[in-house]
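Participant: Listed here are the chains, written in short residue letters.
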Amino acid sequence: KAGVTQTPRYLIKTRGQQVTLSCSPISGHRSVSWYQQTPGQGLQFLFEYFSETQRNKGNFPGRFSGRQFSNSRSEMNVSTLELGDSALYLCASSLGGRGSSSTGELFFGEGSRLTVL
Amino acid sequence: AQSVTQLGSHVSVSEGALVLLRCNYSSSVPPYLFWYVQYPNQGLQLLLKYTSAATLVKGINGFEAEFKKSETSFHLTKPSAHMSDAAEYFCAVSYSSASKIIFGSGTRLSIRP
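Read top to bottom, the protein sequences are chains A and B. Mapping to the numbering used here: the first sequence position 51 is 51, numbers consecutive. Mapping to the numbering used here: the second sequence position 33 is 33, numbers consecutive.
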């Protein structure tokens with residue numbers, strides 16, 4: 001079974017530009033979560049999508065947005081990039097269902113490393 | 001608000017020695033608890049999880065963790081460290097299968113030859 005795939009793996013942007021990152025979850029997983037990882041702030045939760053709807057949201061400005069498609073693939077977008085947006089962006093998928101059959105464990109991709117100059 | 005605290009941002013042990021990484025959570029309801037490991041330039045990999053079954057949980061690579069409700073702790077241990085265990089370890093908590101997972105700040109484990 002293929003794992004979580006994130007593209008691109010590395011990218012460099014300049015301040016003010018925007019970026020779109022893509023995530024393909026494990027087949028059958030309906031939930032996709034996004035995290036930002038930086039040396040200073042650690043792993044910060046951005047948002048989670050389940051069945052094309054945002055189900056949970058972290059404390060990030062509106063410049064950070066996401067969406068999920070009917071095939072569960074997800075994209076996140078960051079507009080008007082700032083130097084502080086340089087980070088490893090991790091996508092994780094899970095079954096996403098409620099109830100005792102699902103423990104909510106996440107399966108992570110290898111991340112997209114964004115550098116803002 | 002749910003949170004998890006990892007004591008010690010960096011732990012160094014000798015090869016063959018006991019590994020103990022500490023994690024405490026804040027909660028008044030039974031949580032789901034996880035330990036993840038991250039190797040350089042990679043994503044996170046699940047080591048083990050607690051989901052209200054047995055309090056002693058065994059994971060991959062010889063790691064285990066014990067859920068202690070009275071201490072709100074979920075410390076990770078391994079009897080004998082191996083050089084390949086050098087990585088960053090994250091404790092994480094959630095309160096339902098549909099709620100977000102919150103991660104601790106991580107503990108970098110170094111292994112001395």
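In case anyone wonders, no lab produced these hints; they're calculated from the structure. Misleading hints may appear alongside valid ones.
Said to hold, decoys possible - Capping the alpha-carbon separation at 30 angstroms, the derived lysine-lysine pairs in DSS-like fashion look like this:
1. Lys57(A) <-> Lys13(A)
2. Lys69(B) <-> Lys58(B)
3. Lys13(A) <-> Lys69(B)
4. Lys58(B) <-> Lys68(B)
5. Lys68(B) <-> Lys49(B)
6. Lys13(A) <-> Lys58(B)
Said to hold, decoys possible - Over 10 angstroms on every C-beta distance to chain B, these chain A residues come out as not near it, computed from the model:
7. Lys13
8. Thr14
9. Arg15
10. Val19
11. Ser33
12. Glu52
13. Gly58
14. Ser65
15. Ser70
16. Glu75
17. Leu81
18. Asp85
Backbone N, C-alpha and C fix where the C-beta goes; we use that ideal spot for every residue, glycine too.
Participant: Indicate, hint by hint, whether the structure satisfies it.
Facilitator: Now for the hints, and whether the structure bears them out:
Under the criterion of a C-alpha separation no larger than 30 angstroms, the hint pairing lysine 57(A) with lysine 13(A) is consistent with the structure, at around 25 angstroms. As the CA atoms of lysine 69(B) and lysine 58(B) are separated by approximately 17 angstroms, the hinted pair is consistent with the 30 angstroms bound. For the hint pairing lysine 13(A) with lysine 69(B), the CA-to-CA distance comes to about 46 angstroms; that exceeds 30 angstroms, so the pair is violated. Restraint check for lysine 58(B) and lysine 68(B): satisfied, since their Cα atoms lie roughly 15 angstroms apart, inside the 30 angstroms limit.
Note on lysine 68(B) and lysine 49(B): the hinted pairing holds, with a Cα-Cα distance of about 14 angstroms set against a maximum of 30 angstroms. At roughly 43 angstroms between alpha-carbon atoms, lysine 13(A) and lysine 58(B) are farther apart than 30 angstroms, so this suggested pair is violated. A cut-off of 10 angstroms between C-beta atoms confirms that lysine 13(A) is not in contact with chain B; the least separation is 20 angstroms. Even its closest Cβ contact with chain B, about 24 angstroms, leaves threonine 14(A) beyond 10 angstroms, as expected for a residue assigned away from the interface.
Consistency note on arginine 15(A): stated as away from chain B, and its beta-carbon is indeed over 10 angstroms from all of that chain's, at 25 angstroms minimum. No Cβ of chain B comes within 10 angstroms of the Cβ of valine 19(A); the nearest lies about 19 angstroms off, and the non-interface call holds. Not every Cβ of chain B is farther than 10 angstroms from the Cβ of serine 33(A); the closest lies at roughly 7 angstroms, contradicting the non-interface assignment. Every Cβ of chain B is farther than 10 angstroms from the Cβ of glutamate 52(A); the closest lies at roughly 15 angstroms, confirming the non-interface assignment.
At roughly 7 angstroms, the least C-beta separation between glycine 58(A) and chain B is not larger than 10 angstroms, which violates its mark as non-interface. Taking the minimum C-beta to C-beta distance to chain B, about 17 angstroms, the non-interface status of serine 65(A) holds against the 10 angstroms cut. At the 10 angstroms boundary, the C-beta of serine 70(A) stays outside the reach of chain B, the nearest C-beta of that chain being 20 angstroms off. The Cβ of glutamate 75(A) sits about 18 angstroms from the closest Cβ of chain B, beyond the 10 angstroms cut-off, so the non-interface label holds.
At the 10 angstroms boundary, the C-beta of leucine 81(A) stays outside the reach of chain B, the nearest C-beta of that chain being 22 angstroms off. Here aspartate 85(A) stays apart from chain B, with its beta-carbon at least about 19 angstroms from theirs, past the 10 angstroms limit.
Taken one by one, the earlier hints fail for this structure at numbers 3, 6, 11, 13, listed in ascending order.
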